[in-house]
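Residues per chain are reported as follows:
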Amino acid sequence: MPGLLNKERPPVFCPGCSHDKVVRSLDRALQNMGLAGNQVVLVSDIGCSGLFDTFFHTHALHGLHGRALTYAAGIKLARPEARVIVTMGDGGLGIGGAHLLAACRRNLNLTLLVLNNFNFGMTGGQFSATTPRESLVGSGFLNTLEQPMDICSVADSAGAPYVARCSAYTKDLANHLQQAVENEGFSLVDIWGICTGRFKKQNTVGPGQLEQRITELPAYNGRIPANERGEYAASYARQREIRTEAGLPVAIEPRFAAPQQERVEAVLLGAAGQRVVTAGEILCLAAMTAGHQATQKNDYPITVLTGHSVSETILSPEPIAYTGITRPSVLLALAEDGVKRRKKLFGTLTAETLVLKVPEVEIPQTEATMKEIDLRAMGIKEHDWALASLAVLAGMNRILSLEMLERAITLRFREELQGPALDVVRTAAGGQLPDTG
Amino acid sequence: MSLRLIEGNEAVALGAYSAGCGFFAGYPITPATSIFNSMLGLLPPTGGTVLQAEDEIAAIGYCIGASMAGQKAMTATSGPGISLYSENISFAIGSEIPLVVADVQRLGPSTGSATKGADGDIQFLRWGNTAGQPVIVLAPVDVADCFRLTMEAFNLSERFRCPVFLASNKEVGQTRESLDLEAMETPRVLERKTAPEGEGFRPFAFQREDEAPAFLPIGGSTLVRQTSSTHGEDGYITADPEEIERMQRHREAKVSAHVDSFAFSEQSLDPEADLVILTYGVTARSAREALAWCRSEGKRVSLLVLKTLWPVPRALIREKTRGANAVLVAEMNQGQYAPEVERTVPDREVRFVGKMNGELVSPYEIKESVDAWFAE
Chain F
37 MPGLLNKERP PVFCPGCSHD KVVRSLDRAL QNMGLAGNQV VLVSDIGCSG
87 LFDTFFHTHA LHGLHGRALT YAAGIKLARP EARVIVTMGD GGLGIGGAHL
137 LAACRRNLNL TLLVLNNFNF GMTGGQFSAT TPRESLVGSG FLNTLEQPMD
187 ICSVADSAGA PYVARCSAYT KDLANHLQQA VENEGFSLVD IWGICTGRFK
237 KQNTVGPGQL EQRITELPAY NGRIPANERG EYAASYARQR EIRTEAGLPV
287 AIEPRFAAPQ QERVEAVLLG AAGQRVVTAG EILCLAAMTA GHQATQKNDY
337 PITVLTGHSV SETILSPEPI AYTGITRPSV LLALAEDGVK RRKKLFGTLT
387 AETLVLKVPE VEIPQTEATM KEIDLRAMGI KEHDWALASL AVLAGMNRIL
437 SLEMLERAIT LRFREELQGP ALDVVRTAAG GQLPDTG
Chain U
167 MSLRLIEGNE AVALGAYSAG CGFFAGYPIT PATSIFNSML GLLPPTGGTV
217 LQAEDEIAAI GYCIGASMAG QKAMTATSGP GISLYSENIS FAIGSEIPLV
267 VADVQRLGPS TGSATKGADG DIQFLRWGNT AGQPVIVLAP VDVADCFRLT
317 MEAFNLSERF RCPVFLASNK EVGQTRESLD LEAMETPRVL ERKTAPEGEG
367 FRPFAFQRED EAPAFLPIGG STLVRQTSST HGEDGYITAD PEEIERMQRH
417 REAKVSAHVD SFAFSEQSLD PEADLVILTY GVTARSAREA LAWCRSEGKR
467 VSLLVLKTLW PVPRALIREK TRGANAVLVA EMNQGQYAPE VERTVPDREV
517 RFVGKMNGEL VSPYEIKESV DAWFAE
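Keeping their order, the protein sequence lines are chains F and U. Sequence positions in the first sequence follow the working numbering and run 37 to 473. Sequence positions in the second sequence follow the working numbering and run 167 to 542.
No wet-lab data here; the hints were simulated from the structure. Ideal placement from N, C-alpha and C gives every residue a C-beta, glycine not left out. Keep in mind that a hint or two might mislead.
Unchecked claim - Per the computed footprint, the stretches of chain U lying under chain F, defined by three or more beta-carbons under 8 Å from a beta-carbon of chain F, are:
1) 229-237
2) 466-473
Stated by the list, open to error - List time: in silico BS3-like cross-link candidates among lysine-lysine, alpha-carbon distance up to 25 Å:
3) Lys-521/U / Lys-379/F
4) Lys-57/F / Lys-236/F
5) Lys-43/F / Lys-57/F
6) Lys-521/U / Lys-380/F
7) Lys-417/F / Lys-376/F
8) Lys-57/F / Lys-237/F
9) Lys-282/U / Lys-380/F
10) Lys-282/U / Lys-379/F
11) Lys-380/F / Lys-417/F
12) Lys-236/F / Lys-207/F
13) Lys-207/F / Lys-57/F
14) Lys-379/F / Lys-407/F
15) Lys-407/F / Lys-380/F
16) Lys-282/U / Lys-465/U
17) Lys-376/F / Lys-282/U
For reference, chain U alone in the conformation it holds in the complex (with noise of 0.2 Å):
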């Protein structure tokens, strides 16, 4: 065993090394600014490229085009950046580029508080594009999470033609945390499917409906379109309702058609629970505590710790709360996921611990929380 002293900001920056990113383009903003940093110390030594952008429109803006060109790339921010990537995020999901996203979340609302954290983009990551249609979040609780999480977001947007967001916070970004790197199991790096080369090639043209289509660069052999308007398989702007409707139907089931296989959980059940604690992000490790506090003293408690937000995985909530009466939904927020976990299992009652007020949700308020459940 041997351990090191590794920041999560870091450990995002190093997981996307290991999944091949070579472009990464940020604006400074705290918490996320390691992020960048750390991505400087790693890309250009490597034949990489870094940029700082004049404004986050540019930052994503640059990878945008990096990605197109064939590249793995991302940009990383907390929430007022996320405000300014939105029409370029609309552009990523309606294109189908390629990009990953990293969300270190500060307090908000608005400027709020560069260094308090908090989870309160989560709705806003799902529902900040034009459209609506849908995203992936991954959501890391650790260090350990950071790096993991990250090369599974490259894997997916690769796989998917999408941008996939990581939704971190300044409680797992700028925490240090002693991590054991070679120990830990991490994910087989995957490219992007391409197209054969040749004439007459079509960007957009997908076999199935939800798979993405096969890629190819701009910039290569053979002729690329891509376009922010509406368009067809060939890339060009349609007006035709019918191949609209098509091309609509495919953005959203490739990505929401497989959240099965990529419901990234962690998981402590008690098959006669009666109440599961669900949470995700840093609030995660508070659960662990208040869950190990809760059943000594008796009481019949699972936990479940989603590290995939969006789409919302309905069937693994489905099937981790079952049996159980009741859902203690914890986050670092106002309650913008209790509602997902209320239309998962209309038929158990689902509760919400949390506060967003600048300090983490302790164990013993979500402790409390599994107590007045009980007495009831």
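If we strip away everything but chain F, and leave its shape as in the complex, we get (with noise of 0.2 Å):
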């Protein structure tokens, strides 16, 4: 098998640069492996690191700093059968490392090669997340006031299933790099190395020393049978096989007329716990049996289970153009912080709004026409009250009629929810409901 190197772009690093060994056997592993080039998928990080897309022969992606293994997920999940590596520094490493904990979490199957060489080569030898506290580095004091981080504990901790730790000047750095290429699942390969143009210019760094500042750290030699488990793509195909299509939202067909021939808005002021969402929803539904159009736009805080909970619809037999609430038709009230969140809409109503309220809660001054409906005296649930107080509008033959609301209710839910909804409209509605097979 010829080499992968690039004939035309030999590598160039500056002399005695370890990074040179390491683009030297990646070449002998991905020999050994048998790889064509199109089977490759180099992603190279920023900086030194990231010239060794240019020497090989392969497919290759150079993006952003620290951002390498987000572009080889997209890649491999793309292309499944594709083997992608990626090659980024002790800089990239650190300010990418939330990729790096996600790529160690997921265990899609890639291969990190960290080329560690304790420092910012390309912009003056700045100190970067693996620099030792007592190297001279191009960033003054500051390296010695920060604890380096040891990658492969971070790497293991984060749940990487393939770990190893090397230094670049190791005989067999191609045999080490084929095992983690070959693994199946995320691989991170830590490369200690040294940087001759900086780094080694103030520190006295040599082969000997890397190794055994290497065996003074937990040893990391490959697969971690703790953190084995299915790989991120293979799992994801299974999920796929299992899942259902979400569908289109119901098509409803008009089939009824709307007792109001013009464009109404409703307000729905209630509580977090009374569904005033699903209501106002219905509501749209109903609307839509009649041929009416619906807009709806809902208003709840972010915290759920508390707060009030606001809903907007506007129903016409025109396309509905502002969704903005001017003159409601109608307002529901039915708990104290809804009615606050709304409470200036209240001195602007006139008479031809009708206000349904119920007695549990105060509603400001206002011109409205009122009517009270006392929802808990029939017995009704709260979480049921915005579902009753349409009933009440529907008994009314205001907005909506009952066989409009019954229709909404079979298209919303589910077939053993509908008797009990329409238990709850024939209690508000008075008995009101008609028979409709």
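From the two separate chains plus the hints, produce the assembled complex.
Following this line, the structure appears as structure tokens:
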């Protein structure tokens, strides 16, 4: 098998740089695996490790600093058959830390080669996430104040099933790299090297010292049984098999005549737990059974199960333009929280607006027409009040009719929920629900 | 006729699916999250992929990888996420990567208000890339637009190999609306132009300066290079000023030269109009009511709703405002697009009406501005 090095662009690094050894070992590993250039995708980061893609005659993507793992994951998920190898320095690892953790947790079949030379070579030897505190670097004293991180331990605790640490000078580097690439899952190799252009100028460091330091750290030689599990793309493929496609929202044919033939606005002012948003939706569906257009906007806090819940609906035989509430036909006041949320609205109302309120709720001074509905006295549970208030309206043939409401309920709810909902409607509407088969 | 109650964000997802989107990645953010939710119901069961990213930078990064591997990809976020996308947006522009980005705008600046709408990102979308190269931004008015314009966004991103933004708004994305989906006219689905397979593929070679290069996927049988660095046609770094200049001109021209072919709009024109209301996004809905109101009082007013915001469809704006003395720009911000209109029709008086306080610009406010102009 011929090598995959790019004959037109031979590797160029600073004299003595250990990256050169990694390039040649990676080429040997790919050769040993019998891979052709179009079976390999090299994704390189920014910095000296970002030169790798140009030295190989393979697919290549060279992107933003620290983000190489994200591009690699996108490519791998789209092309599961490709061998995707990421080269990144200790700088890219630091800035892209979140992506490292995600890759370890996800276990997609990628190989990450970290060319760890303890500094930012290209920008003047500043300290990185792995620089020892005692090193002299281009960042003055700053590195003496920060603890270097052990890439392998971090990857291990984040769930990487394959983690190896070795020196770029080790004789069987190609073998190390091959094993990592061959592993079916996320693999990381922390390759310690020497930056001759920057780091070595100020620090005494040689291959022997690297080997020594590596032995002082926890040993990582590849597979981590405790982290071994299904590969992500394979697991994802199995999920694809068992998931069912979400259907479209139900299609509604017009079959009734609506009591009103102009734009009407209805505002439900309730609280979390009263199923206000669902009732707003049912009101829209009911209007649609009469061939009317509908819009619904909801307002509730980011916390759930507490606070206001407001639903604004507009129903009209014509296309609806402005979705704001201007002159509501109906206001359903079901809870203090909702009323408070729209308290300004009450001052603008005229007698044309009907306010249906439960006795538990105080409302601001208003000129609207009031009607009290004691839903509790009817034995209706509070979580059904929003639906029940629609039934009261339907009973009055205001905005919607009972047949429209009943139809909307059968469109909205699963069969087993339809009966209880229709019971609520029957109770609230005063037994006026017609028999419609 | 049959109607379905569909949320704007859901319609974006359905539009993406109909356009052949096979990959979606997003990070949860109000008010865009329901696009992610809807995509999750559509793609994995049909062979596609949805990822929940660890952050927004990753979300767009995953999409870039998938797009370069040949899939149609989309991500969705709100203003704070666009900030984090920015560097990768520049990558997608500079390296000609097809991508659809839905921005369901919320009230800013910064964290702002998660559940309030605004059109505050309009200039940010245009200029949120290093080098300031042109982008395509489409703005939906309603649920139907969310569906249709998302399909158009995919077509444009494939045709020009560039990111295309959908400038939605909480007030469009999180509003449910009845829609006759089956009766809607939708565009024919386009695919990116592919190059012949074989040795020596030049990934950024173009036939004409204003045409996108033919594409081959990373991971296919022909070797493909992609790079965020300043590159020539071969995808390798170049330092040759002439080649650099040529590529810059190409990226500018391929988008700017064709805007007339995708200047989406809607209009209600009075040939004798004294004033034209120009608007976009959710504010168009208020403008329609204001228009009817003004006309009922005998005022000669036209309405032009832009659905393509960038590149500015200047020829369209000039044509539709011809003869009028003034243009009133109505927008849900502090006047971001009005200067573009001023630049387009410098001989006309351009006024602005709008606000950015979480509330819709009302028909009444637009009507008041029209009245004020007529009263002068």
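* Given the hint that Lys-43/F pairs with Lys-57/F, test it: the Cα-Cα distance must not exceed 25 Å. => Measuring from Cα to Cα gives roughly 17 Å; hence the hint holds.
* **Distance restraint between Lys-282/U and Lys-465/U, which requires alpha-carbon spacing of 25 Å or less** => violated (33 Å)
* Asked: Are the Cα atoms of Lys-57/F and Lys-237/F separated by 25 Å or less?
  -> This hinted pair holds, its Cα atoms lying about 20 Å apart.
* To do: Given the hint that Lys-57/F pairs with Lys-236/F, test it: the Cα-Cα distance must not exceed 25 Å.
  => holds (17 Å)
* Does the structure keep Lys-417/F and Lys-376/F at a Cα separation of 25 Å or less? -> holds (22 Å)
* Keeping to a limit of 25 Å between CA atoms, is the pair of Lys-380/F and Lys-417/F held or broken? -> violated (29 Å)
* Within the assertion that chain F covers the stretch 229-237 of chain U, do at least three residues meet a Cβ-to-Cβ distance smaller than 8 Å? -> As far as the stretch 229-237 of chain U goes, the hint holds, because 9 residues have Cβ atoms under 8 Å from chain F.
* Is the Cα-Cα distance between Lys-376/F and Lys-282/U 25 Å or less? -> holds (18 Å)
* **Restraint check for Lys-521/U with Lys-379/F, where alpha carbons must lie at most 25 Å apart** => holds (22 Å)
* Asked: Do the alpha carbons of Lys-407/F and Lys-380/F lie within 25 Å of each other, as the hint requires?
  -> The hint holds at about 20 Å.
* Could you grab the alpha-carbon distance between Lys-282/U and Lys-380/F and see if it respects the 25 Å cut-off? => Measuring from Cα to Cα gives roughly 18 Å; hence the hint holds.
* Holds or violated: Lys-207/F to Lys-57/F, with C-alpha atoms at most 25 Å apart -> holds (10 Å)
Violated hints, listed in ascending order, are 2, 11, 16; each of the other numbered hints is respected by the structure.
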